[in-house]
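**Student:** Chains as they are written, first to last, in the working numbering: chain B, 356 to 804; chain W, 356 to 804.
Think of the hints as simulated: they come from the structure by calculation, not from any bench. Some hints here could point you the wrong way.
Claimed, not checked - Per the computed footprint, the stretches of chain B lying under chain W, defined by three or more beta-carbons under 8 Å from a beta-carbon of chain W, are:
id	segment
1	373-379
2	410-417
3	616-623
4	654-665
5	691-705
What the hints assert, rightly or not - Below are the DSS-like pairs computed for lysine-lysine, each with C-alpha atoms no more than 30 Å apart in a straight line:
id	chain 1	residue 1	chain 2	residue 2
6	B	Lys544	B	Lys508
7	W	Lys501	B	Lys548
8	B	Lys382	B	Lys405
9	W	Lys501	B	Lys554
Said to hold, decoys possible - Here are the in silico distance ranges between beta carbons for each label pair:
id	chain 1	residue 1	chain 2	residue 2	range
10	W	Glu521	B	Gly772	43 to 51 Å
11	W	Leu727	B	Glu463	33 to 41 Å
12	B	Lys368	W	Asp571	32 to 40 Å
13	B	Ser738	W	Asp571	47 to 55 Å
14	B	Asp489	W	Lys368	27 to 35 Å
For glycine and all other residues, C-beta sits at the position ideal for the given N, C-alpha and C.
2 protein chains.
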Amino acid sequence: MQSFEIDKTDVLKLKQALEGDEEELVKLLGEYHASEIAILFSKIPLESQKRIINLLPAETASEVLSEMDFEAHPEELLLELDPERRQEIVEELDYDDATDIIAQLDEEDQQEILQDLDTEDASNIRNLLSYKEDSAGGLMNTQLIKIYANMSKKQAIDEIIQQSEEIEEFYTVYVVDESDTLKGIISLKNLIKAKASVKVADLINEDFIYVKAQVDQEEVADLISQYNLTSIPVVDDHLKLLGRVTFDDVIDVLEEENTEDMLKISGVSEDEELSGNWQAAVKSRLPWLVINLVTAFLASSVIRYFEPTITHILILPAYMTIIAGMGGNAATQALAVTVRRITLSDLSDNQAYRTVIKEFTVGLVNGAIIGLIVFMAALFYDSNPLLGLVIFIAMAGNLMIAGLAGSSIPLVLKRVGIDPAIASSIIITTFTDVFGFLLLLGLASKLLL
Amino acid sequence: MQSFEIDKTDVLKLKQALEGDEEELVKLLGEYHASEIAILFSKIPLESQKRIINLLPAETASEVLSEMDFEAHPEELLLELDPERRQEIVEELDYDDATDIIAQLDEEDQQEILQDLDTEDASNIRNLLSYKEDSAGGLMNTQLIKIYANMSKKQAIDEIIQQSEEIEEFYTVYVVDESDTLKGIISLKNLIKAKASVKVADLINEDFIYVKAQVDQEEVADLISQYNLTSIPVVDDHLKLLGRVTFDDVIDVLEEENTEDMLKISGVSEDEELSGNWQAAVKSRLPWLVINLVTAFLASSVIRYFEPTITHILILPAYMTIIAGMGGNAATQALAVTVRRITLSDLSDNQAYRTVIKEFTVGLVNGAIIGLIVFMAALFYDSNPLLGLVIFIAMAGNLMIAGLAGSSIPLVLKRVGIDPAIASSIIITTFTDVFGFLLLLGLASKLLL
Numbered sequence: 356m357q358s359f360e361i362d363k364t365d366v367l368k369l370k371q372a373l374e375g376d377e378e379e380l381v382k383l384l385g386e387y388h389a390s391e392i393a394i395l396f397s398k399i400p401l402e403s404q405k406r407i408i409n410l411l412p413a414e415t416a417s418e419v420l421s422e423m424d425f426e427a428h429p430e431e432l433l434l435e436l437d438p439e440r441r442q443e444i445v446e447e448l449d450y451d452d453a454t455d456i457i458a459q460l461d462e463e464d465q466q467e468i469l470q471d472l473d474t475e476d477a478s479n480i481r482n483l484l485s486y487k488e489d490s491a492g493g494l495m496n497t498q499l500i501k502i503y504a505n506m507s508k509k510q511a512i513d514e515i516i517q518q519s520e521e522i523e524e525f526y527t528v529y530v531v532d533e534s535d536t537l538k539g540i541i542s543l544k545n546l547i548k549a550k551a552s553v554k555v556a557d558l559i560n561e562d563f564i565y566v567k568a569q570v571d572q573e574e575v576a577d578l579i580s581q582y583n584l585t586s587i588p589v590v591d592d593h594l595k596l597l598g599r600v601t602f603d604d605v606i607d608v609l610e611e612e613n614t615e616d617m618l619k620i621s622g623v624s625e626d627e628e629l630s631g632n633w634q635a636a637v638k639s640r641l642p643w644l645v646i647n648l649v650t651a652f653l654a655s656s657v658i659r660y661f662e663p664t665i666t667h668i669l670i671l672p673a674y675m676t677i678i679a680g681m682g683g684n685a686a687t688q689a690l691a692v693t694v695r696r697i698t699l700s701d702l703s704d705n706q707a708y709r710t711v712i713k714e715f716t717v718g719l720v721n722g723a724i725i726g727l728i729v730f731m732a733a734l735f736y737d738s739n740p741l742l743g744l745v746i747f748i749a750m751a752g753n754l755m756i757a758g759l760a761g762s763s764i765p766l767v768l769k770r771v772g773i774d775p776a777i778a779s780s781i782i783i784t785t786f787t788d789v790f791g792f793l794l795l796l797g798l799a800s801k802l803l804l
Numbered sequence: 356m357q358s359f360e361i362d363k364t365d366v367l368k369l370k371q372a373l374e375g376d377e378e379e380l381v382k383l384l385g386e387y388h389a390s391e392i393a394i395l396f397s398k399i400p401l402e403s404q405k406r407i408i409n410l411l412p413a414e415t416a417s418e419v420l421s422e423m424d425f426e427a428h429p430e431e432l433l434l435e436l437d438p439e440r441r442q443e444i445v446e447e448l449d450y451d452d453a454t455d456i457i458a459q460l461d462e463e464d465q466q467e468i469l470q471d472l473d474t475e476d477a478s479n480i481r482n483l484l485s486y487k488e489d490s491a492g493g494l495m496n497t498q499l500i501k502i503y504a505n506m507s508k509k510q511a512i513d514e515i516i517q518q519s520e521e522i523e524e525f526y527t528v529y530v531v532d533e534s535d536t537l538k539g540i541i542s543l544k545n546l547i548k549a550k551a552s553v554k555v556a557d558l559i560n561e562d563f564i565y566v567k568a569q570v571d572q573e574e575v576a577d578l579i580s581q582y583n584l585t586s587i588p589v590v591d592d593h594l595k596l597l598g599r600v601t602f603d604d605v606i607d608v609l610e611e612e613n614t615e616d617m618l619k620i621s622g623v624s625e626d627e628e629l630s631g632n633w634q635a636a637v638k639s640r641l642p643w644l645v646i647n648l649v650t651a652f653l654a655s656s657v658i659r660y661f662e663p664t665i666t667h668i669l670i671l672p673a674y675m676t677i678i679a680g681m682g683g684n685a686a687t688q689a690l691a692v693t694v695r696r697i698t699l700s701d702l703s704d705n706q707a708y709r710t711v712i713k714e715f716t717v718g719l720v721n722g723a724i725i726g727l728i729v730f731m732a733a734l735f736y737d738s739n740p741l742l743g744l745v746i747f748i749a750m751a752g753n754l755m756i757a758g759l760a761g762s763s764i765p766l767v768l769k770r771v772g773i774d775p776a777i778a779s780s781i782i783i784t785t786f787t788d789v790f791g792f793l794l795l796l797g798l799a800s801k802l803l804l
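Modelling step: build the complete structure from the supplied sequences, incorporating the hints.
**Tutor:** Given below as structure tokens:
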């Protein structure tokens, strides 16, 4: 199949087919990969989703559900289905995908779905539901291939072939002992290459990476990314093998964490759904705006304090907005670079120190250049060199503070264990507003009155 | 091996070992995975890196180089090495990794390295160097496993085992014809499970995803992520198999694209190196600040225009900063949510329309609530209900514009084919500054004079 993206034409075709007869619709659906149907589902109402899911083979239907974006609410679709159909589809789902979907429902609905499943499936999913959603345990799949170290090559291959009936994809074979303690990993390639007389024990790689179930998903993602792993085994405190997290889960985690960072740094709650309704957005953003309002009153009180100065130099407000605006933007620049750097790698004390010095210097240099331009504008518009000088100093000083605050605040937050992205532009710009006004108005009242 | 992260202790231990004798150093290095040494390299000077690389086995040394962050400049280290050692290491590198590193050097240094390699390696790397760095061709590795459709199961497995000597990891086997045209893919699992009498042709999966070499890396990443692929074949216009991109390259691409987005939205050039020096940062950020300065003058000229109004109502500047500040932050919120949503999935016209309506509503509601708080503050501080009313209207209006601009500008940019993240907070806050001042000062001059 040629690679392509779902576009408007696909959505239109599907909507037309939904109006037409069943046969046409089934034919059209046959042209799409499950993950493409999942994308189309984000563009059509729940009723149509339900109709399509009921037309698809159970295996495809389960893939569609597992590929649906969380914001498209696969759990609502699942709940809508007739109990028998639902059971059929859940049984086709990997345990981790089933758990992720069911976890979105409230307790009562969860029980309703679980009671229809066979005992083994239900207990596996109940077990996964007990892990925190953003931990290795919450991310892992319990379906994997495991063999014993004392098996011969032939026994191992037969066992792998048999176990792989139930598992669509596997990348690594895990070697365990009788109590399921993880002993090592082995690659299918090496097993096949080995002579017939070889035992599993001879091929084991004991130098492998694993995580405990309670580890945060961000760390799991870092490990998979750092060591280029297709999957990572998840164990309990006694090294008992519980499951595995695969690279595709991690790609989703990375996108999720990146979304959270971008929202936080912009003063939006990290759990705001991008496609949520306006009520949810108000609830997510209003608290940050109120915090900002408090800090804005702080900046405003600086202006109130200098009201007599403004009375005498009425041109000052026109420059105040320039200095505050430039300071805010320079601070946002320093903040974005520093936060992103902290996210991608831990900084040593020395690197952190050099980062702050660098941002301080950048702020000072940019501030001096921008300040010079504004100095000349002040000469041109207001023919007042002393006013120009005051503005120059205020601009350079404010951008210097912008660099200092934009880099040191996230670094300090990281040191004390707070997510540095919380040092959003909202917090940082307070510093530049207050300091910019203080500097401009303070200097003006000394030098220009 | 237990999973762990490189921390200060590791860096200290390494630095101590670098002072001590060689034997100690080699022993310490043996405790680390290549990707961990790569992280340590970002904390030590080039001279120490060179010494360590020369102590490591060539295979490990090549892994360290390929795992080094681009900002740690592996190409400089490579250039520092003695030609013989360098040749040895480059030969151990995968072609795509070697190309990525060499591509960072200037033409002359590239030639110096390539001329020492054997003809096949050099021509493979030269070929890869000809693709754009951020295309599928620039990302792909030419080392892969390929077999013919007319092979028997036994022939195929023998061929795979032989080819896999040169390839550390493979996830999918590609089936080609005599002219290397890609016919389909086959999984090792299915091949092993098949009966001995089966031919490769019987097992081929012809319904697979591929990309052309010129496709942008972001699209390659989307496909791998959407279809949960471990690797994707790269072909030319005649479907000739050129190479494959693996999931681990894509994880790096995603991190890179996310960094670029976060920088752009904050008004920093997307190619600023996070750990670059201050001169580079000034060069990257000053142009954006100058753009911002122009827009700030625009806002400033609104204030100049209303100078007579300010003369009569001297408290206005104290409120101007609150209204402009709140507008800027509300716009940044709307912008972050919208840009992130566009990045993660294409929006239909209808979805785009509803997004703008939603952000408009959020702005209006948040603006009314915040406006009410400021109205009460105006009553309390300045005992002026009419002033309070003007401020209320200006705040609600400005946050409404913030929602409108923050959502519609990136959506329009996307429609006309410009990266929506370029609608950075710098551009957006101009709208809120200018409109906020116009509304506040215009209303004040009508109602309060």
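**Student:** Now tell me, hint by hint, if it's right for this structure.
**Tutor:** Do the hints match the structure? See the list:
With 0 residues having a Cβ less than 8 Å from any Cβ of chain W, the segment 373-379 of chain B misses the three-residue criterion, and the hint is violated. Requiring three or more residues with a Cβ within less than 8 Å of a Cβ of chain W, the coverage given for the segment 410-417 of chain B is violated, as only 0 such residues are present. With 7 residues carrying a beta carbon less than 8 Å from a beta carbon of chain W, the segment 616-623 of chain B meets the three-residue requirement, and the given coverage holds. For the segment 654-665 of chain B, the stated coverage by chain W holds: 7 residues have a C-beta nearer than 8 Å to a C-beta of that chain, and at least 3 were required.
Coverage of the segment 691-705 of chain B by chain W holds [criterion: at least 3 residues with CB-CB distance below 8 Å; count 10]. With a C-alpha separation of about 12 Å, the suggested pair Lys544 (chain B) and Lys508 (chain B) falls inside the 30 Å cut-off, and the hint holds. Proximity of Lys501 (chain W) to Lys548 (chain B) is assessed by CA-CA distance (about 17 Å); at most 30 Å being required, the pair is judged to hold. At most 30 Å may separate the alpha-carbon atoms for a hinted pair to count; Lys382 (chain B) and Lys405 (chain B) meet this at roughly 17 Å.
A hinted pair counts as satisfied when its Cα atoms are at most 30 Å apart, and Lys501 (chain W) with Lys554 (chain B) qualifies at roughly 29 Å. With their beta carbons about 46 Å apart, Glu521 (chain W) and Gly772 (chain B) fall inside the hinted range of 43 to 51 Å. Roughly 39 Å separates the CB atoms of Leu727 (chain W) and Glu463 (chain B), a value that falls within the hinted 33 to 41 Å. Between Lys368 (chain B) and Asp571 (chain W) the beta carbons are some 26 Å apart, a value that contradicts the proposed interval 32 to 40 Å.
Here the CB-CB span from Ser738 (chain B) to Asp571 (chain W) is close to 53 Å, well matched to the stated 47 to 55 Å. Remark: the range hint 27 to 35 Å for Asp489 (chain B) to Lys368 (chain W) is upheld by a beta-carbon distance near 32 Å.
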